[in-house]
Amino acid sequence: MSVRPMIGRDSRFFWDGTAVGELRVQSCNACGELRFPPGPACPDCGALDRGHVVSAGVGTVFSYVIHRHPPVPGKVLPIVLALIDLDEGVRMVGEVTDVHPDEIAIGQRLQVDFHRVDDDLTLPIWRPAPQELAQEPAQEETA
Amino acid sequence: MTGLSGKAAIVGIGATEFSKESGRSELQLSVEAVQHALVDCGLTAADVDGLTTFTMDTSSEIAVARELGIKELRFFSRINYGGGAACATVQQAAMAIATGVADVVVCYRGFNERSESRFGQFSLAAATQVNTNGLDNAWTYPMGLGTPAATVAMQARRYMHEYGATSADFGAVAVADRRHAATNPEAFFYGKPITIEDHQASRMIADPLHLLDCCQESDGAVALVVVSAERARDLAQAPAYVAAAAQGSGADQFVMTSYYRDDIGIPEMGVVGRELWRQSGLRPDDMPMAILYDHFTPYVLMQLEELGFCGRGEAPGFVADGAIEIGGRLPLNTHGGQLGEAYIHGMNGIAEGVRQIRGTSVNPVPDAAHVLVTAGTGVPTSGLILSA
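Residue numbers (full-length UniProt numbering), protein chains in the order written: chain A, 1 to 143; chain B, 1 to 388.
Be aware that a few hints might be false.
Computed beta-carbon distance windows for the label pairs [unchecked claim]:
#: 1; chain 1: A; residue 1: E136; chain 2: B; residue 2: A320; range: 27 to 37 Å
#: 2; chain 1: A; residue 1: Q135; chain 2: B; residue 2: G311; range: 51 to 61 Å
#: 3; chain 1: A; residue 1: D118; chain 2: B; residue 2: R203; range: 31 to 41 Å
#: 4; chain 1: A; residue 1: V54; chain 2: B; residue 2: S19; range: 36 to 46 Å
#: 5; chain 1: B; residue 1: H161; chain 2: A; residue 2: E132; range: 22 to 32 Å
Not the full set, but computed from the structure, chain B residues with beta-carbon under 8 Å of chain A [stated by the list, open to error]:
#: 6; residue: S19
#: 7; residue: Q121
#: 8; residue: F122
#: 9; residue: A125
#: 10; residue: A127
#: 11; residue: L135
#: 12; residue: W139
#: 13; residue: M143
#: 14; residue: R158
#: 15; residue: G164
#: 16; residue: A206
#: 17; residue: D207
#: 18; residue: Y260
#: 19; residue: Q279
#: 20; residue: V362
#: 21; residue: V365
These aren't lab readings, by the way, just hints derived from the structure by calculation.
Note that this is a predicted model, so its numbers are computed, not measured.
By construction, the Cβ of each residue, glycine as well, lies at the ideal position given by its N, Cα and C atoms.
Take the sequences, apply the hints, and build the full model.
This is the structure we're talking about:
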């Protein structure tokens, strides 16, 4: 049996999104700042006005783990878990499928897909990105 | 020296045996440890007016007080965030004593962490707790990231990538811990040192972490008695003065998964370190040794950097060639650490710091006038400097 996420008022929009095939990232309606994981306030400007954008679902491996022991409910081991820097600028944890544990690497490009566990839960899951998405977008200059 | 520094001292230490199956309740373990700690310093339960422990501990302060026959408590408190609480229990005690809120405060931690609730397993309880920690865990546990080893491995992999550290660099910590445990009769791995080849050959748990990068699961309890510096001088043992006691939480902090900030290392330990140096007026060069929390080896390297013993990315070189073993320039975890002695959530490390100040450690460091001790890493945490 898969592990269920605890879902609250501040995170429900994310799980409502995965159910319809959208990877939603919180955006502040006042200042536009993106944020993950979500929360009730904007740590940048303090506004209590949460919106969201739908991510293009493409990102780059920032770090990764190959989990071999001990057992994980609902998973057949080993599994590859990654920290993924989305092109929109936020970072999240995801399971990477369709990749051999020896081939996962920092810097690898991934694309999101959605794994429907049952009627109540759809999890984002990640696969190696197709060739046309292999290039990381140019970083914005920061002052 | 400022504020809290030098106001209180650890005067009594007590522990049960460290095992894989204690055969008795977690409450009994804690009660036994407190009894031993009181005998150690020559106080009795009637002297105790404060108790403090971890939020995670299953034995409440009032339950421990009942078993010990303590009639009234004037101070009781708990600290959150797993092993990050260890040194903060002593900070709680020291603050209570320095402000006159209490006179004799006992810090305790006891559990059957191997024979009952094993922390190394995937924790459904952590994923389903009804609070913000449970909500935070929604971003990792359902994806399959839910064991301590795996959460740490994510940071360890990035550390290797950024600084060129290797698994063998992590292994240097395991070899040092097990060497020290090998001469400590209280250690679970007494008489069982390992080589770096043993470390490299141990099975992968959460790549890049091998089995021998991970601490034990243990049953046992430790208790520490804290009183004022003045009262300490009249008791049975040489006092270990609390020269500094600090807590730390960093920017965009999570319990074990502070992955969303630019630096996914352990900046919260930097917060602790800066405060320890500020309170004590001491510097890393003043430390002849340290007890660095070692539930997973990579964090020991990261701590050396955050605490200022070496620069960022320099810990692999720092720990090479036996530098962190007895006789080296900064011996660490002279009791064997949590990899070698036992995993009592960092409290056994504080007890070893006290033994070094007293000169009673089985692996004594000459002239150990100051000992730095840290609590759980990768979590909101705490630290101490104990002084003779």
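Now the hints, each set against the structure:
Between A:E136 and B:A320 the beta carbon distance is about 35 Å. The supplied range of 27 to 37 Å therefore holds. At about 34 Å, the CB distance of A:Q135 to B:G311 disagrees with the hint of 51 to 61 Å. For A:D118 and B:R203, the Cβ-Cβ distance of about 33 Å falls inside the hinted range of 31 to 41 Å, so the restraint holds. A:V54 and B:S19 have their C-beta atoms about 54 Å apart, which leaves the hinted 36 to 46 Å range violated.
For the pair B:H161 and A:E132, the beta carbons lie near 26 Å from each other, so the given range of 22 to 32 Å is met. For B:S19, the suggested interface contact is broken, since its CB lies about 21 Å from the closest CB of chain A, more than 8 Å. Of the supplied interface hints, the one on B:Q121 holds, with its beta-carbon coming within about 5 Å of a beta-carbon of chain A, less than 8 Å. The interface hint given for B:F122 is met, as the beta carbon of that residue sits about 5 Å from the closest beta carbon of chain A, less than 8 Å.
The interface hint given for B:A125 is broken, as the beta carbon of that residue sits about 11 Å from the closest beta carbon of chain A, more than 8 Å. With 8 Å as the threshold, the beta carbon of B:A127 comes within range of chain A, its nearest partner Cβ sitting at about 5 Å, so the hint holds. The criterion of a C-beta within 8 Å of any C-beta in chain A is met by B:L135, whose closest approach is roughly 5 Å, and the hint holds. For the restraint placing B:W139 at the interface with chain A, the shortest Cβ-Cβ distance is roughly 5 Å, inside the 8 Å limit, so the hint holds.
For B:M143, the suggested interface contact is upheld, since its CB lies about 5 Å from the closest CB of chain A, less than 8 Å. For B:R158, the shortest C-beta to C-beta distance to chain A is roughly 4 Å, which falls under 8 Å, so the interface hint holds. For the restraint placing B:G164 at the interface with chain A, the shortest Cβ-Cβ distance is roughly 13 Å, beyond the 8 Å limit, so the hint is violated. Look at B:A206: its Cβ gets to within about 5 Å of chain A, closer than 8 Å, so that hint holds up.
A least Cβ separation of about 4 Å between B:D207 and chain A falls short of the 8 Å threshold, and the interface hint therefore holds. At a threshold of 8 Å, the smallest CB-CB gap from B:Y260 to chain A is about 5 Å, leaving the interface hint in force. Annotation: interface hint on B:Q279 violated; nearest CB of chain A at approximately 29 Å, more than 8 Å. Interface hint status for B:V362: violated, as the beta-carbon distance to the closest one in chain A is roughly 32 Å, over 8 Å.
Hint on B:V365 is violated. Least Cβ distance to chain A is approximately 36 Å, over the 8 Å limit.
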